[in-house]
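Peer 1: Spelled out from the first residue to the last, the chains are:
There are 4 protein chains.
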Amino acid sequence: MFEHEWKCHWGQVDPAGIAYYPRLVDAMHEAGEEFMESIGISYWDVKEFDMDLPLVAMDMEFRKPVFVGDTISIEVEPDIGNKSLGFDFTARHEDGAVAFEGHEQHVCVDEDKQSMVIPDKVREPLEEAIE
Amino acid sequence: MFEHEWKCHWGQVDPAGIAYYPRLVDAMHEAGEEFMESIGISYWDVKEFDMDLPLVAMDMEFRKPVFVGDTISIEVEPDIGNKSLGFDFTARHEDGAVAFEGHEQHVCVDEDKQSMVIPDKVREPLEEAIE
Amino acid sequence: MFEHEWKCHWGQVDPAGIAYYPRLVDAMHEAGEEFMESIGISYWDVKEFDMDLPLVAMDMEFRKPVFVGDTISIEVEPDIGNKSLGFDFTARHEDGAVAFEGHEQHVCVDEDKQSMVIPDKVREPLEEAIE
Amino acid sequence: MFEHEWKCHWGQVDPAGIAYYPRLVDAMHEAGEEFMESIGISYWDVKEFDMDLPLVAMDMEFRKPVFVGDTISIEVEPDIGNKSLGFDFTARHEDGAVAFEGHEQHVCVDEDKQSMVIPDKVREPLEEAIE
Chain A
1 MFEHEWKCHW
11 GQVDPAGIAY
21 YPRLVDAMHE
31 AGEEFMESIG
41 ISYWDVKEFD
51 MDLPLVAMDM
61 EFRKPVFVGD
71 TISIEVEPDI
81 GNKSLGFDFT
91 ARHEDGAVAF
101 EGHEQHVCVD
111 EDKQSMVIPD
121 KVREPLEEAI
131 E
Chain B
132 MFEHEWKCHW
142 GQVDPAGIAY
152 YPRLVDAMHE
162 AGEEFMESIG
172 ISYWDVKEFD
182 MDLPLVAMDM
192 EFRKPVFVGD
202 TISIEVEPDI
212 GNKSLGFDFT
222 ARHEDGAVAF
232 EGHEQHVCVD
242 EDKQSMVIPD
252 KVREPLEEAI
262 E
Chain C
263 MFEHEWKCHW
273 GQVDPAGIAY
283 YPRLVDAMHE
293 AGEEFMESIG
303 ISYWDVKEFD
313 MDLPLVAMDM
323 EFRKPVFVGD
333 TISIEVEPDI
343 GNKSLGFDFT
353 ARHEDGAVAF
363 EGHEQHVCVD
373 EDKQSMVIPD
383 KVREPLEEAI
393 E
Chain D
394 MFEHEWKCHW
404 GQVDPAGIAY
414 YPRLVDAMHE
424 AGEEFMESIG
434 ISYWDVKEFD
444 MDLPLVAMDM
454 EFRKPVFVGD
464 TISIEVEPDI
474 GNKSLGFDFT
484 ARHEDGAVAF
494 EGHEQHVCVD
504 EDKQSMVIPD
514 KVREPLEEAI
524 E
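Listed in order, the protein sequences are those of chains A, B, C and D.
If you use this note's numbering, the first sequence corresponds to residues 1 to 131, in order.
If you use this note's numbering, the second sequence corresponds to residues 132 to 262, in order.
If you use this note's numbering, the third sequence corresponds to residues 263 to 393, in order.
If you use this note's numbering, the fourth sequence corresponds to residues 394 to 524, in order.
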């Protein structure tokens, strides 16, 4: 399973002393970016595949606070639909405790923003990543 | 209904030319902060009420992209539970079209992080804000 | 003199309880964006003028901390060169005390990234803004 | 010489397709944090040394743009004064070309915010880091 490490820095912590949650959203998004890059379809080259993957929905559940200096490991599991692509994220502290879980739901669209089936050259590396 | 205006600036837009969604999470959080401040219980003074309001879950649905220079209006509607406080957010473009909808679910805890009933001095201004 | 108001929110404050300074850099940049938009040359339309204004240098001096909930007013004064454009920024607290001063130095380049004289249709509104 | 690697992600790039510079300020600050942690005086534990290191000034010069997906290496060189601590930063692309240079100037203050000489237990690890 793909994992991305993310370290909580000074400017990502709020006055209550824990990670300000929109910074954890950044961390989650970065984990998805890194996953896609690892299978050869980085967000910044996705246009080469004549498609785009806009986000339609996302959610998060927060289990255990992240403090400054903490490094969390974010697991990325793709959920491959016909015309959509989801990501399930699980972020764990160094002791294995879950920090947060989350989900991003993307849809696959063509250059005219019309729904399209995920092309094989994208689907195949995604499926290989799961196996 | 309480509304907070938020303008999309240069650094909040991604290479695809639309607002990078974690910046919309910031905008949503700011709307909640402004609502609470408007009823006299700002996040930065919440300790005065011998409680804290940690976030346990949140979600968003994205309807229509936000572009650089756009100003959106984010409506905040509290959902007052016994020991919890939710916020429903609806962000609209200037033409009224929904940009995104979202929800934050907070729980009310005491100084020992134990669940507690929302104190009356907090519940009352929240209820007045709905009426 | 052009002024931009900026409010310090929860996620912009660090564990020491004051604004994390890169968020003040965001605030300063936003003030420059707002100034340019106010004279009809917004950053997001600058390509229409067949030029670009990349940043080559910036600096800041911090005089008095900004706390969560504070609103500061950022004054923008352009410094118009022949082939360059600078901005002097002065951010003040509500009592007039200076929070920070800063400077951004941009250069004017054409579509091939070559230095060029600021075109008259950009220079004129800039000069009018100073008068 | 201490070096910190930083990768430019999707949300850190502006509509012009290059890193939005306040995100490079974040990167520079993170490099300073990592340096201090590496010598055992992390920002989040600095109060243990009965002192604080507020920032009074900073500046940056931008040499070569950073694009999404780029990894830069940020070198940190402390400049140890009697009652102050500066950091010189040099960020390089993978081919060695300088992306930006920068400087942060911190002062050493006691718990009453009064200027103080850097205590030996902080000065010694800083001096060892230079040797």
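Derived from the structure by calculation, the hints contain no laboratory data.
Careful: at least some of the hints might be erroneous.
Said to hold, decoys possible - Chain C is faced by these chain A residues, among others (derived, beta-carbon under 10 angstroms): (1) 10; (2) 11; (3) 13; (4) 15; (5) 16; (6) 20; (7) 21; (8) 22; (9) 46; (10) 64; (11) 65; (12) 70; (13) 71.
Here the structure is a predicted model, which is why all the values come from computation and not from measurement.
In this text, a Cβ means the ideal position worked out from N, Cα and C, and glycines have one as well.
Peer 1: Any hints this thing doesn't respect? Which numbers, in order?
Peer 2: 9, 10, 11, 12 and 13
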